[in-house]
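Protein chains: 2
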Amino acid sequence: MTSPHSHRTSVATAKRTLPSDQVVGSMAETFKVLGDPNRLRIVIALTQTELCTLDIARTLGMSESAVSHQLRLLKALRLVRQRKEGKLVLSSLDDEHIEDLLRIGRRHATEAA
Amino acid sequence: MTSPHSHRTSVATAKRTLPSDQVVGSMAETFKVLGDPNRLRIVIALTQTELCTLDIARTLGMSESAVSHQLRLLKALRLVRQRKEGKLVLSSLDDEHIEDLLRIGRRHATEAA
DNA sequence: CATACGATTGAACGATTGTTCAATCGTAAT
DNA sequence: ATTACGATTGAACAATCGTTCAATCGTATG
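Those sequence lines, one after another, are chains A and B. Note that the numbering used here numbers the first sequence so that position 113 is 113, with each residue one more than the last. Note that the numbering used here numbers the second sequence so that position 89 is 89, with each residue one more than the last.
Don't take each hint at face value.
Identical chains blur together in the list; that is why a pair holds if it fits in one copy or across any two.
[What the hints assert, rightly or not] Cross-link-like lysine-lysine pairs, in silico, BS3-like; alpha carbons within 30 Å at most:
id, residue 1, residue 2
1, Lys-15, Lys-75
2, Lys-87, Lys-75
3, Lys-15, Lys-84
4, Lys-75, Lys-32
5, Lys-32, Lys-15
Keep in mind the hints are simulated off the structure, nothing from the lab. As the structure is a computational prediction, the values presented were derived from the model and not from experiment.
Can you build the whole structure from these sequences, using the hints too?
Structure (structure tokens):
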């Protein structure tokens, strides 16, 4: 025989640790937006410099349109901020936490499998 | 007139900062797996205790099958580890970086919009 | 004003996603 | 051996995703 196991108490304990649906949903959205390679590349590129939409497109080999669509998402989730300069729209990171996420995510990704 | 802008140099600079496709892809996978509310809840629940598949299902109100599918993904990406005990499969977090990601992600998510 | 350039928009498309469902496997207990 | 329980699997489905394409907007420059 192995150690006894009570489903009841485990479930009750685990349930207590969960944040509200709203918080979980918001966290998931944040991670999800970083979960696409092109969007992630955009964010990484912006850790160095402010860039206009076209430069991002050229840097990543994406269409201007695709970049614009993604920037709108990134802005909506407060990862990216934008300012206008003439006919350019310059994008930059909006939040200092983002670079932390990138750093840790990269560490996990490049660890020995 | 505003400040002059050279696309050429901005693109060249930005390109240098980008990790390889392989690294970016792996990072994106890591974020993506945390980008689903149910999967994220599973991971959060496991920060506290080791849990069997059924307990996770009961805690989150998911079917056993759905949980099992997601655990396989989490295991493949090395977020979750599993050990057997009798007929139970106990899951726990596989990597200490994960909790850091959760903490920072939560901070960003709960910041004032 | 007309032109060019950078940016945005919305519809449409194929591709991917997460779940359900039913069937099956494995282990422990009777 | 049979039963019960926990876990896994694969097919199938609706839903969501990210891109392309064409059209349009805005602003600076000729």
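Each hint, compared with the structure:
no. : hint               : in the structure
1   : Lys-15 with Lys-75 : between (33 Å within a copy, 22 Å between copies)
2   : Lys-87 with Lys-75 : within (19 Å within a copy, 47 Å between copies)
3   : Lys-15 with Lys-84 : between (46 Å within a copy, 23 Å between copies)
4   : Lys-75 with Lys-32 : both (14 Å within a copy, 18 Å between copies)
5   : Lys-32 with Lys-15 : both (23 Å within a copy, 24 Å between copies)
Taken one by one, the earlier hints all hold for this structure without exception.
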